[in-house]
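Protein chains in written order, with this note's numbering: chain A, 1 to 83; chain B, 1 to 575.
Keep in mind that the hints were calculated from the coordinates and are not lab data.
Because the structure is a prediction, the values reported are computed rather than measured.
The hints are all genuine.
Far from chain B by the CB rule (all over 10 Å, computed), these chain A residues:
#1 Q4
#2 Q14
#3 Q20
#4 D76
#5 E78
A few chain B residues facing chain A, derived, Cβ under 10 Å:
#6 D88
#7 N91
#8 L92
#9 N97
#10 E118
#11 V202
#12 R203
#13 A316
#14 H329
Derived pair list, reagent style DSSO-like, types lysine-lysine, alpha-carbon separation capped at 30 Å:
#15 A/K2 / B/K178
#16 A/K43 / B/K125
#17 B/K357 / A/K72
#18 A/K72 / B/K178
#19 B/K151 / B/K437
#20 A/K43 / B/K178
#21 A/K72 / B/K414
#22 B/K65 / A/K72
#23 B/K65 / B/K107
#24 A/K43 / A/K72
#25 A/K43 / B/K120
#26 A/K2 / A/K43
#27 B/K178 / B/K130
#28 B/K414 / B/K357
#29 B/K248 / B/K271
Idealized CB from N, CA, C, for every residue including glycine.
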Amino acid sequence: MKSQIRLAAMSSEQEGVVVQVLGGLGVTRRLDVLGIRPGARLKVTSRSPLRGPVTVRIGNAQIALGFGMASKVLVDVEGEGSG
Amino acid sequence: MKILLVGNPNVGKSVVFNRLTGANVIVANYPGTTVEFTAGKVRVDGQRVEIIDVPGTYSLEPTCKAEEVAVTMLDGMTDEDVLVNIVDATNLERSLNLTLELIKRRKPMVVALNFWDETKHTGVKIDVAKLEVLIGVSCVPLVAITGTGIKTLVEHVASARISSYQFDDAERWHEIGKIVSSVQQIMHRHHSLRDRLEDASVRPLSGALIAGVVLLGMFEAIRWIGEGLIAHVCSPVFERLWVPVVLKLSGALGGTGFLHGLLIGKLVDGKISFSESFGLLTTGLYVPLGAVLPYVFAFYLVLSILEDTGYLPRLAVLADTVMHRLGLHGMAIIPMLLGLGCNVPGALSARIMESRKERFIAATLMAIAVPCMAQISMIIGLAGNYGARALVPVFVSLLLVWLVLGRILHRTVKGESPEILLDVPPYRIPYWPGLAKKVGMRMVWFLREAVPWVLVGVLLVNFLYEFKIIAVAGNVAAPVVTGVLGLPREAVGGLVIGFLRKDVAVGMLAPLHLSLRQMIVASVVLAMYFPCVATFVVLAKELGAAGLLRATAIMLGSALIVGATLNAVLRMIVG
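Full structure from sequences and hints, please.
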C-alpha cells in the first residue's frame, strides 16, 4: 500500500520517493539543486525534537533541512503512513 | 590564459587548488561583495598560468551571494580561458547539473572526477570513456588528497576543448538522468562503519553525546597544546633570552624615568614581571606572543581539523535545534566558534547568514557572549588558584546570556530568519598540507591584527596613568563600578583599556588581587560590555551605523544588568 505524507512527518529510517515540492520558486530551486526533486528516492536519517531539522540521504549525499522546508516536501512512502 | 576551478561546495575544490598551486596563493575579496576567493599560479605546458578558485556553487542560477560571484566570474571569461569543473564522482547526478550549465557557456573545459577512490566502497562504477563521448569533454579520474590524477588533469587542461554537446536546457534533468543511467552502475553496498558514525552524529541523542565528547576533547586539546607551548617554548624564550636583554636596557635607562616606564614599566621587587610591569617591551610583547599566541594557535589547529574532517556541518545540524529558536540557524555555529578564536573573524563570518536579521543577531550575540581566545587565556591566568570555581561561573553566565539574549533578540528584531538547508559532506581525512596552510594564514592574520593593538593599549595605559586620567575616570565611574558591580575603583582602568584589547584589560586586573566574586563579575562584564576596537570596526562595516548603535546599546545595557545581578547573587553565595 502506498501513501503520500510530508517529509517532516516521516519517521527515522523511513524511505520514500519525492512527489512534489509545495513551495515557492526559491525553495523549490534550492532543494532541486541539492537533489530533492520529484522522482528522487530518499531515506530519513535523523529527526530532531522541537521542530528541529530533518536529515535525509539521497544517493551518497546527506542533506539537512529545516522543519518548515521538510513540511513542504510531499513524499510517496511504502507501507503504513499517516496520510 | 586563465584557469577557473568551478564546482559544487564540498567537492574538494580547494584541495585540488592547493595541489596545483603550491605556496604562492592570495586570498582576495571579490570587488563590491564580501565573498572571498583565492588565486594562484600553475605551470601548464611550461607556461605560468593564473588559476582562480571560484566560490562553490550548485547552479548558475544564483541563490546566494557566493553563487552570484561565481556567475560574475564566469561572465568575465575570455575565449582563451579554461574551465576546470571539479565533480564529486560519488554524487555524479547532482554534480552534472552544474556541468551541463557550464557546457552551455561554450568555453574550453575539462571535467575532473574527484573522490575517485571513494567510488569503490560507495558502490559506484562510472564508465569514464562513455561519459567523455556523451558530454564531449575530457574527464579525468582524480584523487586530489593523494595527488593521483593531478598530472593528467594538467595535461588535459592544455588541450581542453569546447563541447559540441547539444541539449534543450528545459530538459536538463532529463538529460542528466539519461547520462547517469548509461554511464553509472550502482552496486549493492553494505552500510559501512563510516555511514553509521555519520548518521549517529546527527541524531539528537547519540549526536549530543558525540558532540559533548568532541567539544570536551577539543578544549582539552587546546589547553594541553597551549599550556605545553607556554611551559616549554614561550616562557623559556622570554625568561632566558628576553629578560637579560630588557634588564640591560633597564640599567642603561637608569632604572627609572618616563621612557623607562614606557618601555619596561615598573620593576616588581627589582625584577621584571611580564604580567605586572606594563611596559611596551615587557607586558606589551608578552601578552600577545607569550600568553595568547599559544592558545590561538592551538584553537585554530583544532578548529581547522573539525572543519576539514566534516564534523562542523554535523555540529551545525545539531545546534540548529537550539539556534532556530534564537532567530538563527545551525550554520551560525561558525561565527560563534570562530569568535572563540578571535571576535574579528567571528564578526566577519556573520556574512554567511542569509538575512539581515540573522546577521544582526549572530554578530551581536557573538560580540557580547563569546569571549575570544586572547581573553579566555588571560582569564584562565587570572583565575589562577581559584581554577574551576572562578571559571565555571564565568562561562555558564556567558552561555545563559547567549541563550536568553538570543531569544529576546529573535522576538524583538524585525525580519526573516530562514531555515537551515545544508549539504552534509561525508567524514574525510583532512589534507594536511592544506590544513597547515590554513592555520598558518590564520596565525599571520592574528599577529597582524592583534600585536599592534596590544602595543597601542599598553602605551595608552601608561599615558593614562602618567596624566592621572585613570584616577579621574575612576572617580567619575566609581558609583557604577564600586556600587553596582562591586569592583575596586582601580578596575576602571581595565574597563577603559577593554575598548582596545580585552587581553590587556584582563592583564590590568592581575595586580589588583581581586576576590573570587570580583574576578567573576569583572571577567563577565569585560567580555560583554563592548567589543575590542578591531571587532568594533568590523561590526561598523557589517551592520551599518544604525545597527552598530543598536548593538552597542544592547551590549552596555545587558553588561550592566548581568554584572549587577551576578554581583548581588555572588555576594549571597561567596560573600
